[in-house]
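Undergrad: All chains, please: the whole structure from these sequences, using the hints.
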Amino acid sequence: MVSNEAEQKAIREQLDRILASQFFSHSKRFPNLLRYVIEQTLKGEGESLKERTLGVEVFGREADYETGTDPIVRVAAAEVRKRLAQYYSEPLHTDELRVLLPAGSYTPKFLWQTISEQSPDFELKTSTTVRDSSAHETEIESVIEPERKADHPEPVPFSAPKHEELDAGVKWQRRLPARHYVVILAVACIASSLLTIEGLGLFQRIRDSALDDFWGPFISSTDPVLVCVADQLQNSGISLRDSSDPSRSRWVNFTWKDNAFATTALDDVNVVVKLGSVLHANQKQFTVKGAGSTNLADLQAGPDIFVGGFDNAWTLRMTNRLRFRFVNDPDLRIFRIMDSANPTKPGWVTDLAQVGSSGSYMDYAIVARFSDDVTGRPVLITAGIGRCASLAAGQFLTDPKNLKALEQAAGGKNNMEIVLSNQVIDGQPGSPKIEASYFW
Numbered sequence: 113m114v115s116n117e118a119e120q121k122a123i124r125e126q127l128d129r130i131l132a133s134q135f136f137s138h139s140k141r142f143p144n145l146l147r148y149v150i151e152q153t154l155k156g157e158g159e160s161l162k163e164r165t166l167g168v169e170v171f172g173r174e175a176d177y178e179t180g181t182d183p184i185v186r187v188a189a190a191e192v193r194k195r196l197a198q199y200y201s202e203p204l205h206t207d208e209l210r211v212l213l214p215a216g217s218y219t220p221k222f223l224w225q226t227i228s229e230q231s232p233d234f235e236l237k238t239s240t241t242v243r244d245s246s247a248h249e250t251e252i253e254s255v256i257e258p259e260r261k262a263d264h265p266e267p268v269p270f271s272a273p274k275h276e277e278l279d280a281g282v283k284w285q286r287r288l289p290a291r292h293y294v295v296i297l298a299v300a301c302i303a304s305s306l307l308t309i310e311g312l313g314l315f316q317r318i319r320d321s322a323l324d325d326f327w328g329p330f331i332s333s334t335d336p337v338l339v340c341v342a343d344q345l346q347n348s349g350i351s352l353r354d355s356s357d358p359s360r361s362r363w364v365n366f367t368w369k370d371n372a373f374a375t376t377a378l379d380d381v382n383v384v385v386k387l388g389s390v391l392h393a394n395q396k397q398f399t400v401k402g403a404g405s406t407n408l409a410d411l412q413a414g415p416d417i418f419v420g421g422f423d424n425a426w427t428l429r430m431t432n433r434l435r436f437r438f439v440n441d442p443d444l445r446i447f448r449i450m451d452s453a454n455p456t457k458p459g460w461v462t463d464l465a466q467v468g469s470s471g472s473y474m475d476y477a478i479v480a481r482f483s484d485d486v487t488g489r490p491v492l493i494t495a496g497i498g499r500c501a502s503l504a505a506g507q508f509l510t511d512p513k514n515l516k517a518l519e520q521a522a523g524g525k526n527n528m529e530i531v532l533s534n535q536v537i538d539g540q541p542g543s544p545k546i547e548a549s550y551f552w
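Here the sequence shown stands for residues 113 to 552, numbered as in my numbering.
Treat the hints with caution; some may be incorrect.
Stated by the list, open to error - Below 27 angstroms or equal to it, Euclidean Cα-Cα: the simulated DSS-like pairs (lysine-lysine) are: (1) Lys194 / Lys121; (2) Lys194 / Lys162; (3) Lys513 / Lys396; (4) Lys457 / Lys401; (5) Lys545 / Lys457; (6) Lys194 / Lys155; (7) Lys513 / Lys457; (8) Lys545 / Lys513; (9) Lys121 / Lys221; (10) Lys140 / Lys516; (11) Lys140 / Lys513; (12) Lys140 / Lys525; (13) Lys194 / Lys457; (14) Lys516 / Lys396; (15) Lys396 / Lys221; (16) Lys140 / Lys162; (17) Lys457 / Lys140; (18) Lys221 / Lys162; (19) Lys545 / Lys516; (20) Lys194 / Lys516; (21) Lys525 / Lys162; (22) Lys140 / Lys121; (23) Lys194 / Lys221; (24) Lys221 / Lys401; (25) Lys396 / Lys194; (26) Lys457 / Lys396; (27) Lys194 / Lys140; (28) Lys396 / Lys162; (29) Lys545 / Lys525; (30) Lys140 / Lys155.
Keep in mind the hints are simulated off the structure, nothing from the lab.
TA: Take a look at the structure:
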């Protein structure tokens with residue numbers, strides 16, 4: 113507890129300077145959290161600052177809310193630590209009294225400066241938590257260190273395929289030699305190189321609280337995120353171009369089946385880049401794997417993101433027991449999204465014949481975020497019937513305005529599923545529109 117009235121005054125004045133800065137002034141929840149924990153500490157109540165208490169007092173949660181599935185406090189605290197680090201990284205604030213929120217704790221610490229750097233009205237003593245320059249460095253590092261003690265979100269039960277069913281679906285895929293996925297790995301490398309460019313553009317937008325809310329279960333996890341993208345086994349061959357005349361090419365056909373290439377569509381790569389940029393901007397590690405090389409153990413290792421609809425077997429399995437799911441006719445010509453609560457209605461339909469003969473049609477996608485009771489991990493699905501809907505879904509998930517409206521509609525519920533429509537004109541996707549939503 114800081115008992116000296118002059119010290120308390122200095123801390124409150126410093127808090128006002130911090131909250132007036134560009135890093136906090138445009139937000140509501142982060143200043144509320146920082147002000148609350150500081151005021152409670154100044155009152156000598158620092159030891160009572162627990163996750164559930166903050167969830168109730170600062171964020172208006174019910175007293176018995178599930179902290180395992182609602183990580184709002186952990187996400188907000190991690191963001192406060194990041195913004196404090198950004199504030200003190202500016203030369204103008206280097207010599208100011210430092211407010212720290214150590215990783216794994218919600219009790220702030222205060223790093224005092226020497227008397228020459230402070231008001232002459234009183235003497236500021238060195239904080240008992242920071243005794244020398246090496247300790248000073250330790251405290252500062254703790255601000256930018258990712259939160260490591262956050263609990264993994266507990267799953268919200270729902271009917272999902274059994275382990276045996278999930279395993280059976282990938283047995284044939286495991287027989288494929290690893291070299292078949294070289295194209296997938298190459299695409300992942302390209303996507304990773306693009307993330308820096310895309311991430312820079314998203315960095316400012318990522319501060320929006322709507323993005324923090326929606327992406328919280330993935331950003332706050334201590335484990336890397338897996339992005340499972342649709343892949344295809346293509347023809348056993350490759351097109352090679354003439355080095356002296358790149359317009360000339362020759363198709364080299366490999367007759368043995370084991371040399372079929374696993375590839376992924378460039379449109380799905382576009383979606384991976386957009387979603388990965390959100391993770392990258394929050395310094396969150398993630399890996400990209402093709403659906404054919406992904407197994408159940410991979411999904412259990414961390415949060416999972418699935419890209420692609422009818423061309424991603426894992427997406428179909430994950431959505432099979434949800435309210436909105438993908439279905440098709442026996443001839444695999446008519447594809448639609450069905451509302452299981454209204455099974456007699458046609459739902460949202462895309463006819464492949466129309467897609468092939470016309471560049472203008474309606475396409476549809478499912479966006480879902482929920483806790484999976486099979487893997488025990490948070491799951492995010494962005495999957496269209498056609499490629500344009502998948503692109504629109506990726507755009508939807510990185511637009512703060514869309515996510516803000518979605519979180520408001522959710523009313524504090526953590527699991528959600530949305531059907532998006534997308535008007536395709538001349539083969540290009542339009543803006544996504546919400547057709548239906550379900551929250552639980």
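Undergrad: Each hint: holds or not?
TA: Against the structure, the hints come out as follows:
Between the alpha carbons of Lys194 and Lys121 the distance comes to roughly 25 angstroms, so the proposed pair stays at or under 27 angstroms and holds. Restraint check for Lys194 and Lys162: the C-alpha separation of about 20 angstroms stays at or below 27 angstroms, so the hint holds. Restraint check for Lys513 and Lys396: satisfied, since their Cα atoms lie roughly 22 angstroms apart, inside the 27 angstroms limit. Using a Cα cut-off of 27 angstroms, the hinted pair Lys457 and Lys401 is violated, with the two alpha carbons roughly 36 angstroms apart.
Distance check on the hinted pair: Lys545 and Lys457 sit about 20 angstroms apart at the alpha-carbon level, within 27 angstroms; holds. At roughly 25 angstroms between alpha-carbon atoms, Lys194 and Lys155 fall within 27 angstroms of each other, so this suggested pair holds. Restraint check for Lys513 and Lys457: not satisfied, since their Cα atoms lie roughly 31 angstroms apart, outside the 27 angstroms limit. With a CA separation close to 12 angstroms, the supplied pair Lys545 and Lys513 stays within the 27 angstroms bound.
Between Lys121 and Lys221 the CA atoms are separated by roughly 15 angstroms; this keeps the pair inside 27 angstroms, and the hint holds. Between Lys140 and Lys516 the CA atoms are separated by roughly 14 angstroms; this keeps the pair inside 27 angstroms, and the hint holds. Only pairs whose Cα atoms come within 27 angstroms are accepted, and Lys140 paired with Lys513 is accepted, the gap being roughly 16 angstroms. Note on Lys140 and Lys525: the hinted pairing holds, with a Cα-Cα distance of about 20 angstroms set against a maximum of 27 angstroms.
For a cut-off of 27 angstroms, the pair hint linking Lys194 to Lys457 is broken: about 48 angstroms separates their Cα positions. At roughly 22 angstroms between alpha-carbon atoms, Lys516 and Lys396 fall within 27 angstroms of each other, so this suggested pair holds. A threshold of 27 angstroms between alpha carbons decides the hint, and for Lys396 with Lys221 the separation of about 26 angstroms falls inside it, so the pair holds. As the CA atoms of Lys140 and Lys162 are separated by approximately 20 angstroms, the hinted pair is consistent with the 27 angstroms bound.
As the CA atoms of Lys457 and Lys140 are separated by approximately 43 angstroms, the hinted pair breaks the 27 angstroms bound. Taking the CA atoms of Lys221 and Lys162, the gap is about 16 angstroms. The hint holds against a cut of 27 angstroms. At most 27 angstroms may separate the alpha-carbon atoms for a hinted pair to count; Lys545 and Lys516 meet this at roughly 14 angstroms. Annotation: proposed proximity of Lys194 to Lys516 holds, straight-line Cα distance about 22 angstroms (limit 27 angstroms).
Between Lys525 and Lys162 the alpha-carbon distance is near 22 angstroms, which keeps this suggested pair within the 27 angstroms criterion. A threshold of 27 angstroms between alpha carbons decides the hint, and for Lys140 with Lys121 the separation of about 23 angstroms falls inside it, so the pair holds. Between Lys194 and Lys221, the direct Cα distance comes to roughly 15 angstroms. Compliance with the 27 angstroms bound is thereby established for this hinted pair. Taking the CA atoms of Lys221 and Lys401, the gap is near 42 angstroms; set against the 27 angstroms cutoff, the hint is violated.
Of the pairs offered as hints, the one joining Lys396 and Lys194 holds, with about 13 angstroms between alpha carbons and a cut-off of 27 angstroms not exceeded. Using a Cα cut-off of 27 angstroms, the hinted pair Lys457 and Lys396 is violated, with the two alpha carbons roughly 41 angstroms apart. Between Lys194 and Lys140 the alpha-carbon distance is near 16 angstroms, which keeps this suggested pair within the 27 angstroms criterion. Taken as a hint, the Lys396 and Lys162 pair is honoured in the structure, with Cα atoms around 25 angstroms apart against an allowance of 27 angstroms.
Proximity of Lys545 to Lys525 is assessed by CA-CA distance (about 21 angstroms); at most 27 angstroms being required, the pair is judged to hold. About 23 angstroms separates the Cα atoms of Lys140 and Lys155, which keeps this hinted pair within 27 angstroms; it holds.
The structure fails hints 4, 7, 13, 17, 24 and 26 (numbered hints given earlier, in ascending order).
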